[in-house]
Amino acid sequence: MSDATAPPAAPLAVELLVRSHRLRLFELAPWLVAVAAYGLFPDYLSLGSQILIGVVFSLSLDLILGYAGIVTLGQAAFFGAGAYTAGLLAAHGWGEPLSGLVAAGIIAAILGFLSGAIILRTQGLTLLMLTLMISFMVQEAANKAGAVTGGADGLQGMEVWPVLGLFRFDLLGRTAYLYCLAVLFLVWLAARRIVHSPFGRSLTGIRENEARMHAIGSPVFRRRLTIYTIAAALAGVAGALLAETTQFVALEVLSFERSGAGLIMLIIGGVGRLYGPFIGVPLYMVAQDRFAQADPVYWDFWIGLLLILVVVFARGGLLGFVEQLWRKLRKTP
Amino acid sequence: MSAAVSIAFHGLAYAMVLYLISVGLSVTMGLMGFVNLAHGVFAAAGGYVMTRLINGYGVPFPLAVAAAFLAVGAGSIVLERALYRRLYGADELSQVLMSVGLIFMSVASAKFLWGPLAQPMSPPGYLSGQLDLGFRTFPTYRSFLILAGAMLVTLLWLGLERTRFGARIRAAVDNRRMAQSIGINTSLLFTWTFALGSALAALGGALGAEILAIDPGYALEHLIYFLIVVAVGGLGSIKGPFFAALLLGIADTGFKYLLPEFGAFFIYALTLGLLLWRPRGLFGRA
Amino acid sequence: MSIPLETQGLCKTFGALAVASGIDFRLERGARHALIGPNGAGKTTFVNLVTGVLRPSAGRILLDGSDITALPQAYRVKRGIARTFQLNTLFRGLSVLENVCLAIGERLGVAGDLHRPAGSRRAVIDQAYVALERLGIADEAPRLVRELPYGRQRLVELAVALGLEPKVLLLDEPAAGVPSAESGIIIDVIESLPPDIALLIIEHDMDLVFRLARRITVLVQGAVLVEGTPREIAADPRVREVYLGEHAST
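Residue numbers (this note's numbering), protein chains in the order written: chain A, 1 to 333; chain B, 1 to 286; chain C, 1 to 250.
It is possible that part of the hints are untrue.
[Stated by the list, open to error] One-sided and incomplete, this derived list gives chain C residues near chain A with beta-carbon spacing under 10 Å:
#: 1; residue: VAL53
#: 2; residue: ALA70
#: 3; residue: ALA74
#: 4; residue: ARG76
#: 5; residue: THR84
#: 6; residue: GLU147
Worth flagging that the hints you see were computed from the coordinates, not collected in a lab.
A virtual CB, placed ideally from N, CA and C, is assigned to each residue, including glycine.
The following block holds chain A by itself, in its conformation from the complex:
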C-alpha cells in the first residue's frame, strides 16, 4: 500500500488535478483584446470602460451564482452601495480614486456580510425574495435620503482627483479605460485565486450537493457567507469605478434592472466558468449600444427571446457551447 508521498510516476489523474490551476494560453486572450481595443477604438473608450465595469460586476455575480449556487436578484444593492460611497467621498472633498475604491469595497462588504448573515440560512424562493427585499429597501432608502444622495436627480458635484496623482481623467476617457482595465485585472487575479483554491472547490461542492457537504463536515453557512461578502465587495468596487469614471451617481445603480442585466450578460457568456463575463458582457453591451438606441422595444423582445433560447437549448451559455463542441471534436478520430 502506497503512503502519502507520491510515487515516482504519479498517475495522470492526479497530475491533471494538481496542475488544473496553471495558467493556460487562452486566458491571456481577454487582456490582449482589451489592450488592442484601446488602440483600435479610441472613439469608443467610454463604452469600453462601461464594458470593463460590467465584467467586474458580472464576475462578482459569477462567484456567488456560478460557483456557490446562490441565486440572487439583488446584487445591485452592493454595486450601488459602492457607487454612492465613492461618490459621496468625492462630492465632499476626498476625491482620491484608489482610496475611494477601497472604501467602496469595504462598505459594500459590510452590507454584504450583514445581509448575508440574516438571509443565507434560507434557500429557494425565500432566499430569492430576501435578496430582492434587501435590494429594494436599499434603493428606497437612497431615494428618500435625497439630501444626501441627490435622490432621483442623482449625486452631483463629484470631483475625482488624478489617479496616483499623475493621470487625470480626460474627456476622451483614456485614463478611465486604463484605470478600469487595471482594476479589472486585479479583480480577475483575486477571483481566479479564489476559484482555484480549496475554498473555491468547496463552493462547487455546495452548489452540487449541499447535503453531502454537511455530511463531510463542511461549514456550509460560513463558506456561503464568506463568498457572499467577497462578491459584495467586488460589486462595490465595480460601482465605485462607475462613479469615479463618470463623476456621477444615478439611482439606477441600485435598480433591479442593473441586477438583471448583470445576470443576463453572465448567462449569455456562461455561468460558473470564470470567463463567461468576459464574453457575455462585451457582446451584450456592444449589441445594446448598436441596436437598443434605434428601437428599445425590439431590443427587449429579442433579448427576452435569446434568454429563453439560451436557457432551453444552451444552458451553459456561449462558453458551455464551445466546451461541448471542443469535447465532440476531441472524441472524433
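Take the given structure of chain A and dock chains B and C to it, following the hints.
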C-alpha cells in the same frame, strides 16, 4: 375613524385582486416547483383582452371578462406545453431566467401592439358611481370587486375541497411521487392546474384593471407584490396567500395613505421580517 | 474509556407520527453492529438523528461521552462520525477524484483556504487517489461521477466516507442495488476496516448481516425490539414473526 374604514375598504378590494392573481402562482409553484416570475403576464393579458374588447369592439363587460378568462386560460395551455414543460426539473436559475425572458418578450409585445400608455378602463354604467350604504358611500365598482372577489374565492375553496380535481391537486402538492404512484396523471394535472391558475390571474387582472392599470410594464411592475403574496402566504397553499394578500393589500393602502414617504420601504421590511420568521410562509409546509 | 456512540431515550415525532420511540443504543469501540428491521422501521431516520440531519424530539446523543444532541451536522462529522446515504449522495458534476478530495480536504482542515499553499493541495489529492486505489476504482479517478454506473458510484460513496477517517462509521445499505462485482469489493473493504472503528451497518441482506455483524439490533416501528448476538437474534421468535410477513410476500 373614517380613514380606517377607507383604508380597510380599498385595502380589501386591492387584496381581492392580488389574491385572484397570485393564487394560481402559489399552486403552480407548490405543485410543479417552478419559479414562474412571469405569472403577471397572464394577469396583464387578461386585462388587455378585456379592455381591447370593450374599447375596440364594444363588447359588454361580463362577456369581455369571461373572454379574458377563457382566452388566457387556453393560451396558457399552449405556453405550458411548448415551453414550461421543458424546464420542470431544471434548476432554479434556469427557471428564473426563462420567466424573465418571457416577461421581456411580453412587455415588448404589448408596447408594440398597443402602445406604451395604460389602457383606459371605465366600469360599465351599472357598476360605476357611488353606493350609498347610509352611514357612508363607497365606490360601486370597488364594492363589486370585493363581493365578486369573495364569491370567487369561496367557489375556489369549495372547488378545491369538494371536487376530485381539487383533491388531486392537493394530493400532488403534498407529495408528487406518491400521487403518481396511486395513478394520478400528474402531467395532465399540471397542465390543467396551470391553465386554471393563469385564467384566474387573467380574471384578477381584468377585474382589477381599475386598481392596477393595464400597461405594457404590468408584469414587471407588480411582480414583486405577487411574489410577496405567494412567498409570505406559503408555496402550494391556497388559503395562505389569501391572508398574505389581505395583509399586503391593507398595509400597502394604509402606508400610502398615512406614510406616503416611506410606504414601500415598510412593505419590504415587513416582508423581510415575515420571511425570516417563517421562511416557508405563514401557511407553508414545515 | 468512553463509548464511541450512545443514544439515550431518543425520540422523534412528526406531528402524530412517532418515527423513533425511546431508542437506547450503544455502539462499542471496534463494534461490528448491524441495524435491521422491516421497511419503514425507522433505521435511516435513526442514522439521520445520530448524524444531525434531523433534530430529535427528545433524548440524548453522546459521542465519546460528550453530549452532541444540539450540535449541527458538520460539527459532529468533525468529531468523528461519517456516514453513507441509502441513495448515492455525491457531487455528480465533479470527478471521482474531486469527490474524495473534498472530503479529505475537510478532514485535513485545508478546505477553507482562500489562497493555496503549494504543498497542502498535493497531499490531499495523493491521499484521495490512495483511497480510490483501496476501493479498486482508481481508474475512474478523472471521470465525472454521473458518468459512472450506479454500482461504481456506490464505491465512490464509500470512499468519501472512508476519506474522513471516522471513529464511528454508519453505512446505510451499502450494497443495496449494487451488482455482485462491486458488492464483493464493498464487503472486502468493510471486513478489512481498522479494528478500532465502530461500525454500524443498516442492511436487509441477511447473509451479509450474519457474515459481518457481531451484534444486531432489530428496530420495528421506531422502537428497539431486541438486541443481541447473531445467534440470539436468529433464534428469537419475535424476530421471526416480524420477518415472516416479509418472507411470505416475496
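So, going through the hints one by one against the coordinates:
no., hint, result
1, VAL53, "holds (8 Å)"
2, ALA70, "violated (16 Å)"
3, ALA74, "holds (5 Å)"
4, ARG76, "holds (8 Å)"
5, THR84, "holds (9 Å)"
6, GLU147, "violated (12 Å)"
Hint check: violations occur at hints 2 and 6; the rest are consistent with the structure.
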